[in-house]
Amino acid sequence: MNYYIVTEEVFNTLTKENISFMHKSIDRSKRIIITSDTVSTNLNEFANATTLSDYTFTNNSGWVGDGTGVTEEEIEETIYIPELDD
Amino acid sequence: MGTTSKITGSLATAISKVSGTVISGLANIMGQTISLFTNANSAAKSLTTGTAQAIYVTDSNSMGVEWDADDDFSISFWIKPGWDLGLNTNIHLFSMTDAGGAVNNGTFRIWYDDTNNRLNVQWRSGGSHRHHNFWTFHSNSGKYAPAYAAAGLGTTYWNSGNRGNVGDDDYTLITFCKGTLNSAADTNIDMYWNGTTLGTSHYTSGNHTGTPDMGNNDKQIFIGSSSWSPYQKSGNNDETKFDGVTMWNKKLTAGEVSELWNSGTPINATTHSAAAELKGYWEFESDGTATVGENMTINGNSNIEAR
Numbered sequence: 001m002n003y004y005i006v007t008e009e010v011f012n013t014l015t016k017e018n019i020s021f022m023h024k025s026i027d028r029s030k031r032i033i034i035t036s037d038t039v040s041t042n043l044n045e046f047a048n049a050t051t052l053s054d055y056t057f058t059n060n061s062g063w064v065g066d067g068t069g070v071t072e073e074e075i076e077e078t079i080y081i082p083e084l085d086d
Numbered sequence: 001m002g003t004t005s006k007i008t009g010s011l012a013t014a015i016s017k018v019s020g021t022v023i024s025g026l027a028n029i030m031g032q033t034i035s036l037f038t039n040a041n042s043a044a045k046s047l048t049t050g051t052a053q054a055i056y057v058t059d060s061n062s063m064g065v066e067w068d069a070d071d072d073f074s075i076s077f078w079i080k081p082g083w084d085l086g087l088n089t090n091i092h093l094f095s096m097t098d099a100g101g102a103v104n105n106g107t108f109r110i111w112y113d114d115t116n117n118r119l120n121v122q123w124r125s126g127g128s129h130r131h132h133n134f135w136t137f138h139s140n141s142g143k144y145a146p147a148y149a150a151a152g153l154g155t156t157y158w159n160s161g162n163r164g165n166v167g168d169d170d171y172t173l174i175t176f177c178k179g180t181l182n183s184a185a186d187t188n189i190d191m192y193w194n195g196t197t198l199g200t201s202h203y204t205s206g207n208h209t210g211t212p213d214m215g216n217n218d219k220q221i222f223i224g225s226s227s228w229s230p231y232q233k234s235g236n237n238d239e240t241k242f243d244g245v246t247m248w249n250k251k252l253t254a255g256e257v258s259e260l261w262n263s264g265t266p267i268n269a270t271t272h273s274a275a276a277e278l279k280g281y282w283e284f285e286s287d288g289t290a291t292v293g294e295n296m297t298i299n300g301n302s303n304i305e306a307r
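If you read the sequences in order, they're chains A and B. Under this note's numbering, the first residue of the first sequence is numbered 1, with each subsequent residue one higher. Under this note's numbering, the first residue of the second sequence is numbered 1, with each subsequent residue one higher.
If you're looking for bench data, these hints aren't it; they were derived computationally from the structure. By construction, the Cβ of each residue, glycine as well, lies at the ideal position given by its N, Cα and C atoms. Watch out, some of these pointers could steer you wrong.
Per the computed footprint, the stretches of chain B lying under chain A, defined by three or more beta-carbons under 8 Å from a beta-carbon of chain A, are [said to hold, decoys possible]:
{"id": "1", "region": "109-116"}
{"id": "2", "region": "210-219"}
{"id": "3", "region": "245-255"}
{"id": "4", "region": "281-287"}
So the derived list for chain A, only partly shown, Cβ under 8 Å to chain B, looks like this [claimed, not checked]:
{"id": "5", "residue": "10"}
{"id": "6", "residue": "14"}
{"id": "7", "residue": "23"}
{"id": "8", "residue": "26"}
{"id": "9", "residue": "63"}
{"id": "10", "residue": "86"}
Take these sequences, add in the hints, and give me the full structure.
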């Protein structure tokens, strides 16, 4: 799997069925994704869920509003479902 | 008040005794039912993370809520959301974990995923032993339509600016009911918004990893935050308020949930038809004193406020 931050515009071009996790930024302009596809036009790339989670804790102001971050638990358990993404 | 032979034009609330009898011992006067239940206040969860701001109780094994994964039970609470779209995280509404434990120690939790508009439930005894399911509100099609209708949120997510279908004082009654199977399959669990079922859960057979073994340990029960570190918060725009939290030692029926909902006006849960199975009840009228069960601690900036 591949771990990225992408813009909303890039996200809209991706194959949703290959995405297993998605988390929108607070301002809804960016998305954290885990996908089986390779996305070269990413803003950030991470080695695994741990480094991705660590990033959100360090840069939480853009991603969560409670001063914490996106935990590995959330990454693992919150399955992306394309038909429920508005 | 001295001995009075007649009362005319006096407010009943000003009378504490009638002929030396405490008024709470009276069922009716002149055929009129007396209701002394008041529900003016609620518990407001602090906007801050951490145990120092938490609303919680540490069960000392006398409450009867030390449920294993194959026990039937129900959790219900009134909630008035204080979060807005900026919280953007998992908001724990009710969570309990083995006393002194971490997320994988006999945890049962109900949380709202603010980023995906999902009301989740899960119980777990390990990272590879967990059962999970959820309902979502913004899709008015197929199996999601009942939740869309029950919540009344429309296509906008649940938050302090969009509370959907509510009862008195803009509170919603959330009730989760679990059967005797160690399974999050739709046939074993029900979730209600006010008195209405949310319908079929997303995972018809449950989202299962391994087999949770919850044991029957003492629990630490948290309202408005996770029950393990960092004890996350449940509001950012305003404090999220909780009221009438109840824990039942049975899977409540739809009729029993409707009775609890009472068309949006909270009832005294000790008068509910299933009250014999009521194991925890917090009214939050003046503090965290339990009407049934053990008292809650209300820490830091969390406090009792008018509904």
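Do the hints match the structure? See the list:
1. Residues of the region 109-116 of chain B lying with their CB closer than 8 Å to a CB of chain A number 3, which satisfies the three-residue condition for coverage.
2. Only when three residues or more bring their CB closer than 8 Å to a CB of chain A does the claim for the region 210-219 of chain B stand; here the count is 0, and the claim is violated.
3. Proximity of the region 245-255 of chain B to chain A, defined as three or more residues with a beta carbon under 8 Å from a beta carbon of that chain, is not established by the 0 residues found.
4. For a cut-off of 8 Å, the count of residues in the region 281-287 of chain B with a CB near a CB of chain A stands at 0, and the three-residue condition is violated.
5. Because the beta carbon of residue 10/A sits about 19 Å from the nearest beta carbon in chain B, more than 8 Å, this interface hint is broken.
6. For residue 14/A, the suggested interface contact is broken, since its CB lies about 17 Å from the closest CB of chain B, more than 8 Å.
7. The beta carbon of residue 23/A is positioned within 8 Å of a beta carbon in chain B (closest approach about 6 Å), and the interface hint is therefore held.
8. Against a cut-off of 8 Å between C-beta atoms, the interface hint on residue 26/A holds, since the closest Cβ of chain B lies about 5 Å away.
9. The interface hint given for residue 63/A holds, since its Cβ lies 7 Å from the closest Cβ of chain B, which is under the 8 Å cut-off.
10. The interface hint given for residue 86/A is met, as the beta carbon of that residue sits about 6 Å from the closest beta carbon of chain B, less than 8 Å.
Hint compliance for this structure: hints 2, 3, 4, 5, 6 are broken, all remaining hints hold.
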